[in-house]
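Engineer: Protein chains in written order, with this note's numbering: chain A, 1 to 109; chain B, 110 to 222.
Since the hints were made in silico from the structure, they are not lab data.
Computed from a predicted structure; not experimentally measured.
One thing to keep in mind: the hints can contain errors.
[What the hints assert, rightly or not] Subject to a maximum C-alpha distance of 27 Å in a straight line, what follows is the list of computed DSSO-like cross-link-like pairs (lysine-lysine):
| no. | chain 1 | residue 1 | chain 2 | residue 2 |
| --- | --- | --- | --- | --- |
| 1 | A | K22 | A | K71 |
| 2 | B | K122 | B | K166 |
| 3 | A | K58 | A | K42 |
| 4 | A | K37 | B | K166 |
| 5 | A | K68 | A | K57 |
| 6 | A | K22 | A | K68 |
| 7 | A | K42 | B | K166 |
| 8 | A | K37 | A | K22 |
| 9 | A | K68 | B | K122 |
| 10 | B | K166 | A | K71 |
| 11 | A | K58 | A | K71 |
| 12 | A | K42 | A | K57 |
[To be verified] Pulled from the structure, derived: some chain B residues nowhere near chain A, Cβ distances all over 10 Å:
| no. | residue |
| --- | --- |
| 13 | V113 |
| 14 | Q115 |
| 15 | G125 |
| 16 | S131 |
| 17 | S136 |
| 18 | S142 |
| 19 | L152 |
| 20 | R164 |
| 21 | G171 |
| 22 | R176 |
| 23 | L199 |
| 24 | G206 |
| 25 | F213 |
For each residue, glycine too, the CB sits at the ideal point set by N, CA and C.
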Amino acid sequence: GENVEQHPSTLSVQEGDSAVIKCTYSDSASNYFPWYKQELGKGPQLIIDIRSNVGEKKDQRIAVTLNKTAKHFSLHITETQPEDSAVYFCAAADYKLSFGAGTTVTVRA
Amino acid sequence: KAGVTQTPRYLIKTRGQQVTLSCSPISGHRSVSWYQQTPGQGLQFLFEYFSETQRNKGNFPGRFSGRQFSNSRSEMNVSTLELGDSALYLCASSLDGLDTEAFFGQGTRLTVV
Chain A
1 GENVEQHPST LSVQEGDSAV IKCTYSDSAS NYFPWYKQEL GKGPQLIIDI RSNVGEKKDQ
61 RIAVTLNKTA KHFSLHITET QPEDSAVYFC AAADYKLSFG AGTTVTVRA
Chain B
110 KAGVTQTPRY LIKTRGQQVT LSCSPISGHR SVSWYQQTPG QGLQFLFEYF SETQRNKGNF
170 PGRFSGRQFS NSRSEMNVST LELGDSALYL CASSLDGLDT EAFFGQGTRL TVV
């Protein structure tokens, strides 16, 4: 089955700096890669996604890149703000979502 | 547009009991998937229902079951509860599952004592 690895497990950044989270996947059949943000006491919130026929996608301060050959994808958050503090999960999808272990992001004011 | 609604939000049950959790997907969405979230194992796929049929299943014991109704609402049931079943149970709604956008509910926090 699909195995998704996510790094780092924790990330502390100064407000205004950038944050980068990296994931790798194992199953070449996976073709859809969403990213979720989970705040305390809430369910995961879809923040951006990318499909296997696209190399990069951007939505305001958030961008995702995908290297299908190397089987890795990354989340980039620019100009971080305190409200970006949360746990972020990457996932790879075939018939189900296989999640990474999560990255706890702390934005220091 | 209403989001995914899960009820109840919190549950405390005793070992050996059974429990039923409910999920109402986004209007128009026909696929409902269930996930278990624990600190140790992370987010794990339980099963997916589409048009009232279980289409995919994860690696959980038969004590975990589910169903979907004609209005796409779904329930999951856990029988003979064990302490290890304590977790946040999340339901995800999508148009037709597979590789489409999935939106999660707030989850049901189950504590087994």
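Engineer: Please go over all the hints and tell whether each is borne out by the structure.
Structural biologist: Checked hints:
no. : hint               : result
1   : K22/A with K71/A   : holds, 11 Å
2   : K122/B with K166/B : holds, 25 Å
3   : K58/A with K42/A   : holds, 25 Å
4   : K37/A with K166/B  : holds, 25 Å
5   : K68/A with K57/A   : holds, 14 Å
6   : K22/A with K68/A   : holds, 13 Å
7   : K42/A with K166/B  : holds, 24 Å
8   : K37/A with K22/A   : holds, 14 Å
9   : K68/A with K122/B  : violated, 45 Å
10  : K166/B with K71/A  : holds, 25 Å
11  : K58/A with K71/A   : holds, 19 Å
12  : K42/A with K57/A   : holds, 26 Å
13  : V113               : violated, 8 Å
14  : Q115               : violated, 8 Å
15  : G125               : holds, 28 Å
16  : S131               : holds, 15 Å
17  : S136               : holds, 17 Å
18  : S142               : violated, 7 Å
19  : L152               : violated, 4 Å
20  : R164               : violated, 8 Å
21  : G171               : holds, 18 Å
22  : R176               : holds, 18 Å
23  : L199               : violated, 5 Å
24  : G206               : violated, 7 Å
25  : F213               : violated, 4 Å
The structure does not agree with the numbered hints 9, 13, 14, 18, 19, 20, 23, 24 and 25 stated previously, though it agrees with the rest.
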